[in-house]
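Trainee: Line by line, the protein sequences give chains A and B.
The first sequence runs contiguously to residue 1000 in this note's numbering.
The second sequence runs contiguously to residue 397 in this note's numbering.
Hints are computed from structural coordinates only; laboratory data are not their basis.
Wrong hints could be hidden among the right ones.
[Stated by the list, open to error] Here are the simulated SDA-like cross-link-like pairs (lysine to any residue), alpha carbons at most 25 Å apart as the crow flies:
| id | chain 1 | residue 1 | chain 2 | residue 2 |
| --- | --- | --- | --- | --- |
| 1 | A | K958 | A | R746 |
| 2 | B | K8 | A | I743 |
| 3 | A | K959 | A | F827 |
| 4 | A | K877 | B | E263 |
| 5 | A | K926 | A | R769 |
| 6 | B | K54 | A | P853 |
| 7 | A | K877 | B | T142 |
[Stated by the list, open to error] Going by beta-carbon spacing under 10 Å, a handful of chain A positions derived as facing chain B:
| id | residue |
| --- | --- |
| 8 | S834 |
| 9 | D851 |
| 10 | P853 |
| 11 | M856 |
| 12 | S880 |
| 13 | L896 |
| 14 | Q929 |
This one's a predicted model, so the numbers in the text were calculated from it and none came from an experiment.
Just so it is clear, CB atoms sit at the ideal spot from N, CA and C, and this is done for glycine as well.
Here's the letter readout for the chains.
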Amino acid sequence: MIIEDGREILIRVRELAKSFGSHQIWESLSLDVYRGEILAIVGGSGQGKSVLMRVITGLVQPDKGIVTLFGEEEHTLTPQARLAIEKRWGILFQDGALFSSLTVLQNIQVPMREHLDLPQSMMDDLALLKLSMVGLPPEAAHKFPSELSGGMRKRAGLARALALDPEIVFLDEPTAGLDPIGATEFDHLIRKLQQTLGLTVYMVTHDLDTIFTVCDRVAVLADKKIVRTGSPAELQSNPDHPWIEEYFCGERARAASPAEERRVVG
Amino acid sequence: MLKRDNQFVLQTETEAPGFRVELRGTTFRLVATGAWTVTEATVLDEELKRLKVPIPPSSDFTGEMDISGIAEIDTAGAWLLQRTAGAWQRGGLKTRYAGATDSFRILIEEVHRRGQTEKPEIDTVTPLQQILDTTQTSLTSIWSDAVALTSFLGEVSAASVRLVREPWRFRPISFIHHLDHAGLRALPIIFLICFLIGAVVMQQGVVQLSYFGAEPMAVNMVAILSLREVGILLTSIMVAGRSGSAFTAEIGSMKMREEIDAMRTLGIDPMDTLVLPRVAALVVALPLLTFMGDIAALAGGGVMAWVMLGLEPPIYIDKLQEIISFRHFMVGMIKAPFAAVVIALVGCLEGLRVQGSAESLGSHVTAAVVKAIFLVICIDGIFAMFLAGIGQ
Chain A
735 MIIEDGREIL IRVRELAKSF GSHQIWESLS LDVYRGEILA IVGGSGQGKS VLMRVITGLV
795 QPDKGIVTLF GEEEHTLTPQ ARLAIEKRWG ILFQDGALFS SLTVLQNIQV PMREHLDLPQ
855 SMMDDLALLK LSMVGLPPEA AHKFPSELSG GMRKRAGLAR ALALDPEIVF LDEPTAGLDP
915 IGATEFDHLI RKLQQTLGLT VYMVTHDLDT IFTVCDRVAV LADKKIVRTG SPAELQSNPD
975 HPWIEEYFCG ERARAASPAE ERRVVG
Chain B
6 MLKRDNQFVL QTETEAPGFR VELRGTTFRL VATGAWTVTE ATVLDEELKR LKVPIPPSSD
66 FTGEMDISGI AEIDTAGAWL LQRTAGAWQR GGLKTRYAGA TDSFRILIEE VHRRGQTEKP
126 EIDTVTPLQQ ILDTTQTSLT SIWSDAVALT SFLGEVSAAS VRLVREPWRF RPISFIHHLD
186 HAGLRALPII FLICFLIGAV VMQQGVVQLS YFGAEPMAVN MVAILSLREV GILLTSIMVA
246 GRSGSAFTAE IGSMKMREEI DAMRTLGIDP MDTLVLPRVA ALVVALPLLT FMGDIAALAG
306 GGVMAWVMLG LEPPIYIDKL QEIISFRHFM VGMIKAPFAA VVIALVGCLE GLRVQGSAES
366 LGSHVTAAVV KAIFLVICID GIFAMFLAGI GQ
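All chains, full assembly: derive it from the sequences and hints.
Mentor: Below, the structure written as structure tokens:
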């Protein structure tokens, strides 16, 4: 366990480098994720936002650098230790990545089956509880993923990510492809679940509304590293980097930002 | 999971998960301790199920869930508490929680709110009913398959007629592409298989006919069998497995990603772009492949005849020329375009029937191969009867 300034660091990434072929995406990337925060990773396309998530979750190997998960260095983990860590996180992929041959309820039970030995009736009850917590009606339980709308698939994917009550959830563009109402609801859902379950949330997002409404901290990927981290308000008032300025002070940001809203109303 | 007061609790410090029930004054108390998390849930669940719901002697008695001893809790733990509290409540005890921190309270309230939802009903079906249902669906699906294939044949025929009238609709690049993939690239494997089968049939023929001292007649058998049946059947089956499945997979994955819908909205007819080039390519490729398959089977037979009968290649070829007439060759060849149409139609039709899921794609690819092979053999049988009828 790494504790710095009285806050626990769940994930620490140091001096990561990765290239695909001749294209180097990061040179030396460092990032900390603190317990209990909602962290957004933003950056232009091709900066490796999703790849960073995949490196942290062990799906992609970095060329260089160290990833520390819950205080343990990833490359030193034994398979058993890795399994124990996989129990402590949940991942929501972009389109839910639900298994298409299983019903929603069975999808939510997959992590429980793999990692634990629970009685079936209890798994059913817990899965229904999770389903209800992510705001899906009980009728959705016995549907197949192809019978659900995009928003419902995301919610079901989130329920599966939460199946084991993880400490941290990774969300890959949680509001992409949702209508504004659905996206707002999803934002509130994330915030609410984070408070109820004491989650740490790591999300890759483009959505300025999400950033301004739910995120505690934003990390900006540019120039092959994390150029800055800070609260959305800090980054907006003091951008200090051309990309951040364009992103946080552009037209869309002005529409989304609560500070601007106040200025307009006042 | 939530930890008490967000303190850092070391694993060794936490008490073992568990609970005890006590009566203090007029309050039944369930004192929970340790970590109430999903990893401990199985044990806790069993113990809680064994626990009897206390029966209050009078209405003054109340229940209390004392969770001040709980170090960690998650939804599974909260759900177990909620289930127990619910049972007590129904048993006539007013039950409340004590010792919850703010974060515990939020979680427990949420679980209480969510835990009330009704379970969805699942229709249970008896095994007998299931068997009946399955039989019924498979019978109706045979009929609906036949109807679908016939109507698809009609659509493709109509589109072909239209193509003759409006030849610019034809897609030459797509046609050449499929000719290459389904034809040229299938050549090595078809040549190899037919060669081997030709050799095996010759070897078995020689062995069996030697009982009658008629070994040289094995050459007649291999020659006629190869041209009339083996060449076309083996080639069709290989092509059905190779290209029929590829057609279904290609068109099916396009269907899954809504590419076919996109085509329709752009005014492109999938019949012209996807189906006709494939059908045309296979109609051209399969007779050519069959020809090569025939040659390979004869060559295989020739090698085996040389080995077993000492029949040298020039003599073998001379013998073939005596035995084979053009009629035998044509009997095999005439079936090739028909087999090609069936394989391509089934492949494309199954591709267009794919639904949204990956599983559906898989089952349609399987169906395409099975149906295509079945129909090819049916066609072969029909031709055999027809040709026997007209004395060929």
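Trainee: If a hint holds in the structure, say so; if it doesn't, say that too.
Mentor: Checked hints:
1. A:K958 with A:R746: Judged against 25 Å, a Cα distance of about 17 Å means the pair holds.
2. B:K8 with A:I743: holds, 16 Å
3. A:K959 with A:F827: holds, 23 Å
4. A:K877 with B:E263: Within the cut-off at roughly 21 Å; holds.
5. A:K926 with A:R769: Answer holds: K926 (chain A) to R769 (chain A) is near 16 Å, not above 25 Å.
6. B:K54 with A:P853: Between K54 (chain B) and P853 (chain A) the Cα gap is close to 12 Å, so the pair holds against 25 Å.
7. A:K877 with B:T142: Judged against 25 Å, a Cα distance of about 21 Å means the pair holds.
8. S834: holds, 4 Å
9. D851: holds, 6 Å
10. P853: With Cβ-Cβ at 7 Å, under 10 Å, it holds.
11. M856: The hint holds - M856 (chain A) has a Cβ within 10 Å of chain B, the shortest such distance being about 6 Å.
12. S880: With a minimum Cβ separation of about 3 Å from chain B (threshold 10 Å), the hint on S880 (chain A) holds.
13. L896: With Cβ-Cβ at 8 Å, under 10 Å, it holds.
14. Q929: Holds, about 6 Å.
Every hint, counting from the list given before, is met by this structure.
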